[in-house]
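J.: The lines below spell out each chain.
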Amino acid sequence: MNDKILEILNLILESKKLNPIVILDRELRLREDLGLDSFDLAELTVRIEDEFDKDIFENGLVLNIGQIIDILKKP
Amino acid sequence: MESFYTDLSEEINIKWSDFLFDINNSSVLFTHIYTKDFYQIFKSIVLSILNKKPIVLLDFDFTFSELENLIGDLSLLESTYVNDNSINIKSIDELLESINNVNENWSLTLFTSGTTGLPKKVTHSFETLSRHVKQSENHLNNVWGYAYNPTHIAGIQVFLQALLNKNTIVRLFGLSKESIENSIFDFEVTNLSATPTFYRMLIPTLKIFPNVKRVSFGGEKLNNTIKDTISNIFPNAKITNIYASTEFGTLFASNGETFVVKEALKKLVKVVDNELFVSSQLLATTINDIGEWYATGDLVEVISCNPLEIKFLSRKNEMINVGGYKVNPNEVETCIYLLEKVKYVKVYPKKNSVLGNIICCDVVTDEIISENEIREFLRDKLQNFKIPRKINFVENIEFTRSGKLKRI
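Residue numbers (my numbering), protein chains in the order written: chain L, 1 to 75; chain Y, 1 to 408.
Please note that a few of the clues may not be correct.
[What the hints assert, rightly or not] Label-pair ranges, simulated between beta-carbon atoms:
| id | chain 1 | residue 1 | chain 2 | residue 2 | range |
| --- | --- | --- | --- | --- | --- |
| 1 | Y | SER231 | L | GLU51 | 43 to 49 Å |
| 2 | Y | CYS305 | L | GLY66 | 55 to 61 Å |
| 3 | Y | LYS351 | L | GLY66 | 23 to 29 Å |
| 4 | Y | ILE208 | L | GLU58 | 50 to 56 Å |
| 5 | L | LYS4 | Y | GLU376 | 22 to 28 Å |
Quick caveat, the hints were computed from the structure, so don't treat them as lab data. Just so it is clear, CB atoms sit at the ideal spot from N, CA and C, and this is done for glycine as well.
So here's chain L without its partners, still in its complex pose (with noise of 0.2 Å):
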């Protein structure tokens, strides 16, 4: 699962022209650390969503790595 986030986040992040992440540091924040505007913010609730079948904005603000993967582990 990890992998699979690091890799959809590394998509944005190409996109954007931004530099990859190598590790899946739970510290980061999406906005401040990585640079994720409200588009990529979408555009990663979309993926991972087609991916997991689980919606990480559903229940309110998602602020960094370590919220997404506690998310997504939820049964």
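Once you've looked at the hints, dock chain Y against the given chain L.
T.: Quick look at chain Y alone, frame taken from chain L:
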């Protein structure tokens, strides 16, 4: 003009003399036409006109449950009239004279292609169907490439245009790209009328068709890129863009993306909040309960007011809301088609809880191209919110029964 109808795929070639024989020797005619045999549909329309009986045309791919919703009783499919045996047409000219003198009671009912919701029933008189048919000596030697569904308004209009000028009809609708190309060459087609999607199917082609002298577009928004490409494929053709609908038939024609509204129609059309409205005077006979103005659902840009010149933007319900920004899928598709590697594209919304919708698209291509390559290409052509955030590469894209891109 010896031939009335030809179909390369079914190896059918009906001469005008055979057609007259069939007309004179049919014992019955069906009230509801539900067949994929184009010749039977054409023959049934002519028989109904000669017998002054109303006719209902049904798409051959309607399911029985759809038919039940549309016509109520399936036994109507077996319902017939007796062919008037006093009808004895001796020549094509006599046939055309009888058709031109059709009784006011004759009507033809069909159903809109139903891109959104259930197909709508629309009944036309001969007058509304033939409003734009041109009959003259100049049209006598035309050979029509038949690229529309024969149970839809555009197909009926092309049929009447060909019929009333004694032209040959060559079937192209529903055929493969190769069969279409062969038919245009082998039967020396001179006139073509089709949706932009149909012409797009012919691209890329290395062939050119010098015999075609008229090419018309209709049913979907035309853009200049496809128009230019088509000009290269048909170097000797005059190109016409047509605006028409099932409800009122052909309304405007022009040689490009914009339409100048003729003086005669000036008081019969208006634009309110970018939407085109048409006077109910121009509508087919059955939709009389809609008030004075009919909302077409087509969004237009007014280029000039006097004379009124308009350009079509999209269908009203096609606009996609991305976080408060409106995106016209046609505009995005037009830009993506600038990439030669792209064969077909369909732009659509995908719901999400961050922005409401994001733009996604399906692309059909035979070549290697990446998602990022397409997005990079669009970077300096479209605003950021219009660029598809997710691009899927697919084998096929679905089209409606009219050959238009299926949006829903």
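J.: Does each hint hold? Answer for all of them.
T.: We went through each hint and held it up to the structure:
Under the hint 43 to 49 Å, the C-beta atoms of SER231/Y and GLU51/L, about 44 Å apart, fit the expected range. With their beta carbons about 59 Å apart, CYS305/Y and GLY66/L fall inside the hinted range of 55 to 61 Å. Between LYS351/Y and GLY66/L the beta carbon distance is about 26 Å. The supplied range of 23 to 29 Å therefore holds. At roughly 55 Å, the beta carbons of ILE208/Y and GLU58/L sit within the given window of 50 to 56 Å.
Checked against the hint of 22 to 28 Å, the C-beta distance between LYS4/L and GLU376/Y comes to roughly 24 Å, which is consistent with it.
Violated hints for the displayed structure: none, as all numbered hints are satisfied.
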